[in-house]
Amino acid sequence: YTPGTLDPGLILTPESKVINHNNFYEFGTNKTDPARNSQHLKTEPWTLTVEGEVEKPGTIDVWELMETAQLEERIYRMRCVEAWSMVIPWLGIELGPLLKKFKPTSRAKYVAFETLYDPEQMPGQKSRYLGGGIDYPYVEGLRIDEAMHPLTTLALGLYGKTLPPQNGAPVRLVVPWKYGFKGIKSIVKIRLVEKQPPVTWNILAPHEYGFYANVNPSVDHPRWSQASERFIGEGGAFSSSRQKTLMFNGYADEVASLYSGLDLRKYF
Amino acid sequence: MLKPGRKTSNTLRVCVHIGALAPLLWLYWAIPQGVLGADPVKELTHFLGIGALRLLLLTLCISPLARALKFGLLVRLRRPLGLWCFVWAALHFSTWLALDLTFEWSLIGEELIKRTYILVGLLALLLLLALAITSIPKLMRSMGKRWKQLHRTIYVIALLVCLHFWWSVKSGWIEPCSYLIIALYLLWLRRDSIMSYVHFKHRPVAHDNGASS
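Protein chains in written order, with this note's numbering: chain A, 1 to 268; chain B, 1 to 213.
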């Protein structure tokens with residue numbers, strides 16, 4: 001694969017923290033639950049269906065893709081809506097060129113994603129208590145221009161290895177200028193659609209989580225400030241540091257133009 | 001059967017001190033070891049907050065238990081439990097202040113104004129502080145009847161803390177709801193004394209004229 005470059009001033013979050021601090025409610029709501037409860041997830045074989053407003057709907061064998069695609073390392077900031085952040089070396093492919101192979105029609109205005117629904121393997125889907133009260137399967141969505149943006153990545157690995165189950169094996173979405181929950185994990189279906197699709201956290205708490213979920217230090221979450229974040233690096237509890245949150249998580253130069261004229265306070 | 005006496009209550013008091021102190025000593029060891037995970041500040045805040053709530057509910061369990069077991073001396077556990085609850089709550093707040101917001105006063109001020117659930121928690125902590133200070137035996141005696149009135153605010157504190165918890169969680173209502181149900185049950189056990197207190201405070205006339213409302 002092509003190695004990525006670490007922007008000056010960024011520090012990588014240690015691998016052990018990237019794979020042991022996860023929000024993947026399908027395996028429990030505590031940060032350490034996913035690493036503990038997901039190890040038996042059967043990720044082989046795994047297919048990803050692309051359907052909806054496309055001329056050539058079809059199914060991808062994800063493991064075949066992993067072997068044939070030219071994987072790229074992308075070192076991205078990851079900003080969770082809960083005001084913590086990491087820097088993660090992902091391994092994956094750009095989403096846009098992949099979608100184009102299925103020939104989206106002119107009616108394809110949005111892209112809807114869906115996580116595997118398998119309560120037998122995912123205890124959080126079986127029990128409302130373990131799953132944090134979410135209606136599964138987890139669904140996410142992007143506007144078509146966001147999905148086609150060169151920063152938008154389908155990740156198949158991190159730190160030079162295939163994804164561990166807790167990080168969304170075998171295939172997940174990474175949209176670095178949006179809050180982490182947009183990065184839907186263990187994807188089985190991508191559907192191109194005409195209307196804005198429903199998205200999980202927005203269904204659960206519409207006044208707290210919007211469809212766009214762009215990282216924005218000037219629009220607070222109703223219950224906490226988004227102006228700064230706890231960066232998860234090497235240190236422990238007593239060396240924890242807060243840093244300023246950057247507009248579009250530091251990717252404003254690349255993506256701000258997607259939202260010109262959009263009231264980001266209203267469309268948060 | 002052996003009647004439980006002072007000796008048993010002394011032993012139980014020692015257990016309360018050990019039970020409340022041991023997890024704090026464990027934290028002293030666990031934090032440098034990284035046991036609290038990748039985002040230890042959040043974990044620590046939550047651990048201390050939940051602990052304080054549990055100690056508060058335990059405090060409220062004591063009098064009903066003493067009555068049920070016919071073991072009056074059990075009420076000697078209320079003071080240490082209540083004081084430990086205050087210590088845990090104060091540590092919970094300090095963690096937020098010092099480790100999460102790292103003493104950034106402008107941010108702290110802004111958060112207190114904007115986030116009502118934090119304000120609710122702070123109010124509960126200040127009330128707990130008042131109870132902790134007035135639990136000094138000397139003050140307790142000199143306050144007489146007013147002491148009992150003041151210490152009844154623990155019922156209000158219990159509700160404030162449950163509200164603070166419920167409001168703070170990102171999703172899932174089952175856990176905060178279970179604590180609230182326990183708190184409401186413990187208050188329901190005292191419904192007569194609470195009602196007479198409310199009645200006495202707001203409708204003093206009712207005593208002279210039972211028929212009026």
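Some clues are possibly wrong.
No more than 25 Å apart at the CA atoms, straight line, and that leaves these computed lysine to any residue pairs for SDA-like [to be verified]: (1) 170(B) - 203(A); (2) 170(B) - 6(A); (3) 17(A) - 37(B); (4) 17(A) - 34(B); (5) 7(B) - 65(B); (6) 266(A) - 167(B); (7) 266(A) - 45(B); (8) 244(A) - 113(B); (9) 114(B) - 226(A); (10) 170(B) - 200(A); (11) 114(B) - 117(A); (12) 266(A) - 110(B); (13) 170(B) - 30(A); (14) 17(A) - 109(B); (15) 17(A) - 45(B); (16) 244(A) - 168(B); (17) 126(A) - 14(B); (18) 114(B) - 94(A); (19) 114(B) - 204(A); (20) 126(A) - 178(B); (21) 244(A) - 109(B); (22) 114(B) - 220(A); (23) 114(B) - 219(A); (24) 114(B) - 81(A); (25) 244(A) - 173(B); (26) 266(A) - 107(B); (27) 170(B) - 242(A); (28) 114(B) - 263(A); (29) 170(B) - 5(A); (30) 244(A) - 39(B); (31) 170(B) - 231(A); (32) 126(A) - 7(B).
Think of the hints as simulated: they come from the structure by calculation, not from any bench.
Quick caveat: nothing in here was measured; it's all calculated off a predicted structure.
Hint-by-hint comparison with the structure:
| no. | hint | verdict |
| --- | --- | --- |
| 1 | 170(B) - 203(A) | holds (13 Å) |
| 2 | 170(B) - 6(A) | violated (32 Å) |
| 3 | 17(A) - 37(B) | holds (8 Å) |
| 4 | 17(A) - 34(B) | holds (10 Å) |
| 5 | 7(B) - 65(B) | holds (18 Å) |
| 6 | 266(A) - 167(B) | holds (23 Å) |
| 7 | 266(A) - 45(B) | violated (32 Å) |
| 8 | 244(A) - 113(B) | holds (20 Å) |
| 9 | 114(B) - 226(A) | holds (13 Å) |
| 10 | 170(B) - 200(A) | holds (13 Å) |
| 11 | 114(B) - 117(A) | violated (38 Å) |
| 12 | 266(A) - 110(B) | holds (22 Å) |
| 13 | 170(B) - 30(A) | holds (11 Å) |
| 14 | 17(A) - 109(B) | violated (31 Å) |
| 15 | 17(A) - 45(B) | holds (19 Å) |
| 16 | 244(A) - 168(B) | holds (23 Å) |
| 17 | 126(A) - 14(B) | violated (43 Å) |
| 18 | 114(B) - 94(A) | violated (40 Å) |
| 19 | 114(B) - 204(A) | holds (22 Å) |
| 20 | 126(A) - 178(B) | holds (20 Å) |
| 21 | 244(A) - 109(B) | holds (17 Å) |
| 22 | 114(B) - 220(A) | holds (10 Å) |
| 23 | 114(B) - 219(A) | holds (13 Å) |
| 24 | 114(B) - 81(A) | holds (18 Å) |
| 25 | 244(A) - 173(B) | violated (31 Å) |
| 26 | 266(A) - 107(B) | holds (24 Å) |
| 27 | 170(B) - 242(A) | holds (21 Å) |
| 28 | 114(B) - 263(A) | holds (22 Å) |
| 29 | 170(B) - 5(A) | violated (34 Å) |
| 30 | 244(A) - 39(B) | holds (17 Å) |
| 31 | 170(B) - 231(A) | holds (20 Å) |
| 32 | 126(A) - 7(B) | violated (49 Å) |
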